[in-house]
Each structure stands twice: as C-alpha cells, then as structure tokens.
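Q: Fit chain B to the known structure of chain A by using the hints.
So the protein lines, in turn, are chains A and B. Mind the numbering: the first sequence is residues 1234 to 1741 in the numbering used here, read in order. Mind the numbering: the second sequence is residues 702 to 1026 in the numbering used here, read in order.
To be clear, the hints were calculated from the coordinates, so they are not data collected in a lab. Keep in mind that a hint or two might mislead.
On the chain B side, residues computed to face chain A include the following (Cβ under 8 Å) [unchecked claim]:
(1) Val780
(2) Glu843
(3) Ala844
(4) Gly900
As a list, the in silico DMTMM-like pairs of lysine to aspartate or glutamate whose alpha-carbon atoms are at most 25 Å apart [to be verified]:
(5) B:Lys987 <-> B:Glu931
(6) B:Lys1026 <-> A:Asp1420
(7) B:Lys873 <-> A:Glu1437
(8) B:Lys782 <-> A:Glu1437
(9) B:Lys846 <-> B:Glu1016
In this text, a Cβ means the ideal position worked out from N, Cα and C, and glycines have one as well.
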Amino acid sequence: METLGFLMEGFAVALTPYNLMFALFGAFVGTLIGCLPGLGPANGVAILIPLAFTLGLPPETAMILLTAVYAGAMYGGRISSILLNIPGDEPAMMTCLDGYPMAQKGRAADALAISAVASFAGGLIGTIGLIMLAPILAKFALTFGPAEYFALFLLAFATLGGITGKNPMKTVIAATIGIMISTVGIDISTGTQRYTFGVLELYEGIDFILAIVGLFAISELLFFVESRVGGGREKINVGKLTLSFKELVSTIPTQLRGGVLGFIAGVLPGAGASLGSFISYTLEKQVLGKKGKFGEGDIRGVVAPEAGNNGASSGALVPMLTLGVPGSGTTAVLLAMLISLNITPGPLMFTQNADIVWGVIAALLIGNVMLLLLNIPLVGFFVKLLSVPPMYLLPIVTMVAFVGIYSISHSTFDLYFMVAFGVAGYFLRKLEIPLVPIILGLLLGPEMEKNLGHALILSDGSWSILWGSSLAVGLWVVAGLGLVLPYVVGPLLRRRMNAAMKESPVSD
Amino acid sequence: MMIKRTLSFVAMAAFSVSALAWQPSGKVECIAPADPGGGWDFTCRSVGNVMQELGLVEGSVQTVNMAGAGGGVAFAHTVSKRADDDKLIVAASTATTTRLAQKQFPGMDAGMVKWVGALGADYGIIAVSKDSEYQNLNQLFEAVKANPKSVKFSGGSARGGWDHLKVLIAAKAAGVEKLPSIPYLSYNNGGEAMTQVVGGQVDAFTGDVSEATGFMDSGDLRVLAVLSEERLPGKFSHIPTAREQGIDALGPNWRGFYMPEGASEESKEYWVAAVDKLYASEEWKKVMKSNGLIPFHPPANEFESFVRQQVQDIETLSREIGLLK
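Here chain A stands alone, though its shape is the one from the complex (with noise of 0.2 Å):
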C-alpha cells in the first residue's frame, strides 16, 4: 500500500500541466521518431537529451520527457513495419511479418489500430509490473555489495549478445571501444591520470551524453548527406477501419500473454524489447499452431510481438531504476541522463529520488494513454509525416544536438568532440559494429572496474570474495548461462527468424 501512496505522490508530479505537456509532447515526437525507418528508440532519447539541456527543464520533467520519448518510439516503430514492411526500430521487426501481409490485404488501418491497442495493453501490463517489481528489487538491491555488482555488470556484459547479436565478434568490439572511451581521465579509485596527454579538457573523463548525442545524432545526419534522400516516400493509403469489437475481444489473451512475457524479457538485463516482441511472436505462433494463419496477415501476429515489445520497454526501466544497471540500449541512454542530472541511479533513488521515480512511473502509465489517444485518431497523420523528406528534419535534428551540447558545458571543445564521435559512428555503422554495445560499454566498464577494485579492498585482495556470497555466485551463472546460451539457441533463433522473414529487408 505504500507503494500506492508513492504512486498518487508520482502521478502529482505527472499531472501538472508542465510537466503533462512535456509527456505530450515527448509522446508526439516518440511516436514520430519511431515510425521514421532508422530511428530507434535509443537515436530518439539521445536527440532530445540536448533539447532537455537547452530548455534547462528541471530533473523530472526532463525525465518524463524521455521516457514518453521512449514509450512512443515503441508504438511508432510498428507504423513503418505495417506499412512499408521495414522496421521503424529494431523491436518492431517481428511486427512486418503478419502486419505487412494484412496491410496487403486492405487491412493496414485495422493492423495500426490493432497494433496501437496492443502496445497500449504491453505497455500497461509492463508498468503494471514495473511498479510492483521496482520497489522490492530496490529494498533487495541494498544488500548488493561491490562483489555482487561486479558479477551484475559481468551479466549485463555477458549477455550482450542478445540485444544485437547478430554479429557476436563485432558486439564484443563495440564494448571493447566503450570500455577504451571510458578509461580516460582521472581514475578514482587510485586518483592517477590516464590517457590525458595533459589536455585540461580530458581530465574528468568523457562525457556519455558526448558521446551518445555524436554517435546517435550526428552519424544520422551523415548518412542522410551520404544518401541525399531528397524525395520522401509516396503517400500511402490506409484505408478504412472495419475492425470489429468481437475482433478485438480476441485478442485480449494474446495480448496479456505478450505483455508479461515482454516484461519478463525487459527485465533480464541485456536482453531488451527485440527479444521480448521475438519470445512473444513465437509462443503466440505455438499456443494457436495451426488455428492461426501466421505469416500471411494473422491479426494475433501484429498484436503478440507489439504487445510484447511494449511490455519489454517498461520491463527494462526495473533494472535501470532500482540497480543502476540498464537492460536495454535506450535505458543505458536514460541513465547517462539521469547521471547528468546529478541523481544517483541505484536503490537509494526510491527513498532519496522518490519524486522523480514515481514522477516517471505516473508519467509512463499517463503516457500510455496519451500513446493510445495519439495512436488511433492521428494515425493518419504520422502515416502522412512518413513522406516528409528527410531533408527537411535532420537540419533540425542537427542543430538541436549542437545548441543542447553548447547549453551544456559552453566548451566549444565539446562540440568538437561531439561532431568527431559522429564521425567514428558513421564510420563504425559502416563496418556493422552496434553503437548500442559501445554506450553500454562507455558507462558500466568504470562501474565494473571500480566494484572489482573495492571488493579486492574490502576482502584485502582475495579474489574469492567476487564469489563469496550465494547471489554473488547466482549472478555468475546466469552470466555463463547468458555467454554460452546464445551460441546454442542462437543459430537456431536466428534460423527461424530469418525464415519467417525471408523477403523483408531489415534495417537496423
């Protein structure tokens, strides 16, 4: 019951008019985002953290604005996979298999209602368990040691993988570069300078939110110049609705079923919304086997993968909250924010935080609704901003990210080396090495090497503390679990996967 008094606290927070139009606006713009082939969630949190700087919006309302980001970016990747059967973020992949189909049918407005209602119902089931996860995960959280944390942030590295495994070697270079990032500047558990060559400017460090708006942002507009689409997409037509209520009714179990399976794979850290909406689409085509016409326009193959990627967003704010420890790449964009606005993620954040946590969690159930609301009538609307030529929104893109990251430190020197990470990532996403596993690596490489340092401290240097205490040791099974499993189910994940998807082009 004291979580309900924290909530009604959170949703005070939430309903202000401020902050409800920052929820509004973050839930237009998210869904926008979303729908834009290319750009995920994660591009879309990093392009509006340095318009949270420039507006200089206090801590919650930046946060809730990012957070609707979030969850609108999972409802506008399904538009552009329904559509135009190309993924508008990685999670959304598995909704092209039946969504397309149906939309060749005629059905596309009833696969986009179909679909905005089941991210409603993923996202609901997902909060749902967020609020009633988070706060005993925070209270457990507090008997986490540096030895417990080392093996927590061993897991996040191991599994790995599982966010964009399709290339294992490169995942493992991309964490490698973020760990090498992470090394400058001042070490803190011994105090000694490393890789600053003397340049003043080097000495605290690289700032991740540098680095993620470079990456995210400016390797974008690199592309876009590359490509020089000019010319926008041609208008597409929806079609009328002829959804009927009892068609809806249907789908209720498969929506239930994908939003806490969904959940469940948000919460395993690593893992994240592509895996849940992956898990969902399967168990939906084992439970119904053949009563269903999956792959050839099966509404339950639009509802279970978009219910269960909704679900997987919220899932992967429960580790991010109570342990500091992000479950998915958009998260570990989220907690360099929260990092930047001087708040210490971990379990303490629910006690010393609470307005803000609660803030967020209200802001994401109000969100939801607001998703649900934007998603029905104005679907036309984004299916419109789907033939916006690029050229006209990456100018804006870009400028947004310079004047943030100005607004943020005056250093012009910044800037610079913002525009050079933008460089390394246009160059990097041209070898197909992830840019999310290098974020990752940016941020819980210091975090890992300094828990190993303090537990050698705590224990005088003996190396068996790191497995001394039984959720020390649990830890490290499921990080062997989640290095080998990979390699085992993996193939055959993908196997199927690619099977199901043998004509659709998939763009990350």
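A: The following block gives chain B in isolation, referenced to the frame of chain A:
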C-alpha cells in the same frame, strides 16, 4: 575648533568613500567551474542574485559554466586569458585547494590568483550505519589504531580527494600511524557511498553534512562526529564535534571566490568588501539556511593566508600517504 574638526572628519570620510567608490559597471561575470547543478554553480547563482538584490552591483551577475578538470579549465582560463579582468569572480571551494595542493592543475598554484573570501561552509562528517558497533569517534579510531585495515571507509570523491583526506585528517589527529593502509572506497558521489554503508557492505562514511541530511533524518545513518570547531547550529546541534571527543580534526568545505591576480587594486578591494557585505546581510543568511550552509567567513585580510595554509596542509598530508612525490 570642534566644528572645524568635525568638518575635516566629514571631508575625510567623503574622500575615503570616493576612493573606494570603484564599482563594476555593466555586466559582471561569475565563472562556475562545473556543469549546472553542482555546488559551484549554486555559489555563483545565489551570490549573483543576492548581490543584485542588495544593489552591490550595478548591472547583472552572469553565471558562466566552465566545466573541466575539476575546476582546472576555469583556473587556467582565469590565469592566462582573463589575467587583468576587474569584473570577474570564480567560484571555488576546498576541492579547488585540494587539487592545487596535489598539483592537479599542471603548472599552476594558489599564488596565481587573488583569493577574495568565503561565504559559508559545509563541514565534514564521519558516520556509520545505525547497526554499527561504533558509538563514538574514539571507538572507531581505536579499532583503526589496532588494525588500520579493520575499518573500511567510503566517500564520494576520488582517492586523495577531499572526502578521503577528511578521514586521514581525523585519523592523524587521533594518532593513527599507518595512514596509507586505511582502506578507502571511492564512489562517484556521496549518495552511492552512503548506500554501501547503509547496506552494511562498508563500515563508515566520510562526506559533508549536507549530503547526509536525508539519511540522518531517516535514522539509517549515525553521525559519529562533525569536523567543525564548534557544534553546528539548528537541527545539527546534536552531533558532537571531533574536538569535544579529544580528536583535533577540522574539515571545512568552504565556498567562496577567487579573482584574477592582475586585476586593479580598487577592484580587489571592492570585491572583498562586497563579499563581506553580502555575508553580513539577512538575505544571504536566508540562502545559507535554506541550503544547509554553515557560517564560515575568515576576516578579509586572513582569507588569503587561510587558503595558503590549507593548501600547505593538504600537500603535506598527500605526501604522507604517497599521493605526491
């Protein structure tokens, strides 16, 4: 006769007022050597507001954030590019003197700027969890003396940073000999460090009193001592000082300003006087109260020597623990 004397006194007074009448015209800049939201940013913004309220400055005080190298970027900027700027003040604190003492601003030292004054302080504390066996500071340091590795400390600064140094200052005053052996776990901020103490993984917390307010109120943290000369006012008055427990250790994290060394004499006098007036005002007392700042204001002529002494002390201590060679 009487009248004549009075007249000449008045004339003299009028003269001295006009001599001191240098006042910055137009916009004044206050550099906060960190991103918005931290202590230095707070110093600049709140001082700027109160100065404008009191009419100490004619125009406005603009806060410029210049983060980098823990204040080193701003220090270098002041020394090299703004060396004779009359209308510039830079926020500073014990973190600044610590880094100067440990030569972390390469090629720069405390003598290269003019130290204007302090406007309050946040005092160091040493605290344990509510379930800890240690009831006072003496018990804690007796255990450290018996075995320097027996008590593990955590704090929100890097090794050798101010939070670490406070433990060493207190331990030294308590007569602990093997200072470098005392285990210190550095966290990114006080909150993370306290989490470990409250959770029972680490024995003691070192930090500033303002950081710990939340945990003191909730009863999770027992503060063994505050490193101030006398007991702190208000709701902190129940915390014993280290001194009254026989351990002569002081750890003020003062907040104040420096300005370019090459600025004109008139402007230096003006800024020192302005900080004095600000500190005495009711408006500033309100700011201090609502932000947990505790009175700390060495007389204007002593502040410079106070800073030098602090730098000297920290340098000696850093050498002792092997941070400086």
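Q: Which numbered hints does this structure break?
A: 1, 2, 3 and 7
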